[in-house]
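Asker: The chain contents come next:
Number of protein chains: 2
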Amino acid sequence: MTRIRRNILRALLAGEKSYWQLIRYQDGSLPDLETELRNLLSEGLIEAHGQMFRLSAEGEKAAVSSGLSAYVPPICSSCKGKTIELDGVYADWARKFVEVTQDRPKAIKDYDQGYVTSEDTVRRVALIHRFGDLEAKDMLIVGDDDLTSLALGITGLPRSVKVLEVDTRLVEYINAKAKQLGMHNVSAELYDVQYPFRQELKGAFDVFITDPVETIEGITLFFSRCAEGLRGVDSVGYFGLTHLESSRQKWYQIQKNLLDMGFVITDIIRDFHEYDLDPEDLLTQGFRVVTKAPVSVQMPDEYFYTSDYFRIYAVRELTPLITGQVTLSDALYYDEEAYVTADR
Amino acid sequence: MTRIRRNILRALLAGEKSYWQLIRYQDGSLPDLETELRNLLSEGLIEAHGQMFRLSAEGEKAAVSSGLSAYVPPICSSCKGKTIELDGVYADWARKFVEVTQDRPKAIKDYDQGYVTSEDTVRRVALIHRFGDLEAKDMLIVGDDDLTSLALGITGLPRSVKVLEVDTRLVEYINAKAKQLGMHNVSAELYDVQYPFRQELKGAFDVFITDPVETIEGITLFFSRCAEGLRGVDSVGYFGLTHLESSRQKWYQIQKNLLDMGFVITDIIRDFHEYDLDPEDLLTQGFRVVTKAPVSVQMPDEYFYTSDYFRIYAVRELTPLITGQVTLSDALYYDEEAYVTADR
Chain W
321 MTRIRRNILR ALLAGEKSYW QLIRYQDGSL PDLETELRNL LSEGLIEAHG
371 QMFRLSAEGE KAAVSSGLSA YVPPICSSCK GKTIELDGVY ADWARKFVEV
421 TQDRPKAIKD YDQGYVTSED TVRRVALIHR FGDLEAKDML IVGDDDLTSL
471 ALGITGLPRS VKVLEVDTRL VEYINAKAKQ LGMHNVSAEL YDVQYPFRQE
521 LKGAFDVFIT DPVETIEGIT LFFSRCAEGL RGVDSVGYFG LTHLESSRQK
571 WYQIQKNLLD MGFVITDIIR DFHEYDLDPE DLLTQGFRVV TKAPVSVQMP
621 DEYFYTSDYF RIYAVRELTP LITGQVTLSD ALYYDEEAYV TADR
Chain P
321 MTRIRRNILR ALLAGEKSYW QLIRYQDGSL PDLETELRNL LSEGLIEAHG
371 QMFRLSAEGE KAAVSSGLSA YVPPICSSCK GKTIELDGVY ADWARKFVEV
421 TQDRPKAIKD YDQGYVTSED TVRRVALIHR FGDLEAKDML IVGDDDLTSL
471 ALGITGLPRS VKVLEVDTRL VEYINAKAKQ LGMHNVSAEL YDVQYPFRQE
521 LKGAFDVFIT DPVETIEGIT LFFSRCAEGL RGVDSVGYFG LTHLESSRQK
571 WYQIQKNLLD MGFVITDIIR DFHEYDLDPE DLLTQGFRVV TKAPVSVQMP
621 DEYFYTSDYF RIYAVRELTP LITGQVTLSD ALYYDEEAYV TADR
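Chains W and P, in that order, give the protein sequences.
Straight run, no breaks: the first sequence in our numbering ends on number 664.
Straight run, no breaks: the second sequence in our numbering ends on number 664.
Source of the hints: derived by calculation from the structure; they are not laboratory data.
Errors might be hidden in some of the hints.
Because identical chains share one entry, a pair is satisfied inside a single copy or across any pair of copies.
[Said to hold, decoys possible] Calculated lysine-lysine pairs in the BS3-like style (CA-CA distance at most 30 Å, straight line):
1. K522 / K497
2. K416 / K426
3. K416 / K381
4. K499 / K426
5. K416 / K499
6. K499 / K576
7. K381 / K426
8. K381 / K612
9. K522 / K576
10. K612 / K522
11. K416 / K497
12. K576 / K381
13. K499 / K522
14. K416 / K576
15. K426 / K497
16. K426 / K612
In isolation and in its complexed conformation, chain W is listed as follows (with noise of 0.2 Å):
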């Protein structure tokens, strides 16, 4: 029985779920997930009842007889897995950002957009300062859909902040914010991950933090670039990486890659993100997770995109696998993985 079989039956066994909250019981990816739908259906061994998925009698009996139990999760309830909770002065700066971000850009897809929850965004900010690599460093953001560098600037810690986008509506955004809180450290410029880094950028980083696109290719590019930025070793690295759209196996070359590099993982906590994707774009706008879906789909009624959270450490001097320019098409963005994050 495969892995997200086994995570379906199990889920089911506790009660019905819709498409969306089943999403978040299985670590495979997306088109496994659906195709293992399909077979289920088809089998018999589940039904669907409008929006909710529940085990038929066979289903049952199959799940309990392969040693199945009703399943329910242990995920601490307070941090929901994800180790850090928004407290004391944690809580202000989440507070504080909501307020300060409420006319922030929408996302669009053609970058590859789709922000993390705000509270969410914060959270990664506190675990940079539990792992010490905020106070007083010099920040890089390449991407920023997220408005990380906000978030950043709200505690007052970082020496300085530099966002590299793609994006001409998030450099203004970000520039104009800044200003307008009286953060000097913090600035945002545009910026194409195709050309390399401007003389200035180079070696001149901490830290780098970066939301990348999850083809091969794309991640490479990404990881490169950010590599240049630092300084070397004992510069850190964080980036988000899903399951949904990144199998094991592009997560192993992924990981081949970074120590290639000179990186270490250091920490991976799942499902560390939740993204607050538009419920309206989600129907309209033709994404595989909604046009595969193996039964006619409603709003999410869960958050159901996540990534996990790596940080990476640089044990010595770091060679990026990728300099120069180079000149990349949609494989940039998109690989047969993509069902939430493209429409082909």
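Following the hints, put chain P in place on chain W, whose structure we already have.
Answerer: Leaving out everything else, chain P in the frame of chain W:
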């Protein structure tokens, strides 16, 4: 300023801390921490008052002018950043485990023993359950002073649990308990990691669990044996790794070896395990964490020894780096980074 120095200073900015507490505030190795504490003392930036360390006026000035602020951990107070809470059925597992293991054998350092708290052993089992690696699985444990086998047996969920253990006392204890509790699918046998598995144990398991010794040679041998025990693609492994006795350079080599064998790393949860070390043994048996401390220390007022928890996943047929019989000396167990597990 070194990472360790920064972590000491910002922890002390928030208030005085004992030696044992300070260990929890840094993510370097113990030798490096002790060097840095000595430096800070001799520079007059910190002072020891009885068992507590404090910042001097000069130290406070230095910390603040370096951009540091009083650090209050944002770590979830409910799960302590371990992601798992023991509630409902999971609390039952924990109660049962504590009850069953009241008379557990005392840890002896000859075999690098020293077990994690009972709560964390059960958290470990709950985590494995979360990740779908428990129900109807054949599970292998190499070295089981934590008695994870019994915690697994209590859940009634695995298909089988096999312990391979070098300490006769533990083999007998686990077998006697399993018999007494009617766990027919839990068994232990004597095993020395210098020898290959017997044929029937090769390729026979879905999951391995180990808490390996932390020398490169030792850990590579442990993982090679465990890999030989696994079925292959989609099999998984769980193990603890400290930063206290393993530098990030050592982590790097370990991760490289894991990838070379065909594993990808799916999770790393920091400080997942707290170790319940015998405080009296610690003070009297010449461990370097005590003998090399910069001041005369008393019994720990905190679980100071922790390890991070790794989950690894086989993306292809596994290729162990070591096969066949090997002869190992003390170098298997100890290297110059061993400060708590060795007295040399």
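Asker: Hints first: check each against the structure and report whether it holds.
Answerer: To see whether the hints hold, each was checked on the structure:
1. Proximity of K522 to K497 under the C-alpha cut-off of 30 Å is restricted to the intra-copy arrangement: shortest distance 26 Å within a copy versus 61 Å between copies.
2. Proximity of K416 to K426 under the C-alpha cut-off of 30 Å is restricted to the intra-copy arrangement: shortest distance 19 Å within a copy versus 52 Å between copies.
3. In this homomeric assembly, K416 and K381 come within 30 Å of each other (Cα to Cα) only across copies, at 29 Å, whereas the closest approach inside a single copy is 52 Å.
4. Taking the shortest Cα distances, K499 and K426 sit within 30 Å of each other inside one copy (21 Å), while across copies they are farther apart (62 Å).
5. When the C-alpha separation of K416 and K499 is checked against a cutoff of 30 Å, the pair qualifies only within one copy, where the shortest distance is 16 Å, while the shortest distance between copies is 59 Å.
6. Neither within a single protomer nor between protomers do K499 and K576 lie at most 30 Å apart by alpha-carbon distance, with minima of 41 Å and 45 Å respectively.
7. In the homo-oligomer, the alpha carbons of K381 and K426 never lie at most 30 Å apart, since the shortest distance is 47 Å inside one protomer and 44 Å across protomers.
8. In this homomeric assembly, K381 and K612 come within 30 Å of each other (Cα to Cα) only inside a single copy, at 28 Å, whereas the closest approach across copies is 61 Å.
9. In the homo-oligomer, the alpha carbons of K522 and K576 lie at most 30 Å apart both inside one protomer (23 Å) and across protomers (27 Å), since each shortest distance falls under that limit.
10. In this assembly of identical chains, K612 and K522 lie within 30 Å of each other by CA distance neither inside one copy nor across copies; the values are 43 Å within and 41 Å between.
11. Proximity of K416 and K497 under a CA criterion of 30 Å is satisfied intra-copy only: 13 Å inside one chain copy versus 55 Å between copies.
12. Neither within a single protomer nor between protomers do K576 and K381 lie at most 30 Å apart by alpha-carbon distance, with minima of 42 Å and 43 Å respectively.
13. Taking the shortest alpha-carbon separations for K499 and K522, only the intra-copy value of 25 Å comes in at or below 30 Å, while the best inter-copy value is 64 Å.
14. In this homomeric assembly, K416 and K576 never come within 30 Å of each other (Cα to Cα): the closest approach is 39 Å inside a single copy and 42 Å across copies.
15. With identical chains, the CA atoms of K426 and K497 are at most 30 Å apart within one copy only, with a shortest distance of 16 Å there and 60 Å across copies.
16. In the homo-oligomer, the alpha carbons of K426 and K612 lie at most 30 Å apart inside one protomer (25 Å), although the nearest pairing across protomers, at 57 Å, exceeds that limit.
In this structure, the earlier hints numbered 6, 7, 10, 12, 14 are contradicted, and the remaining ones agree with it.
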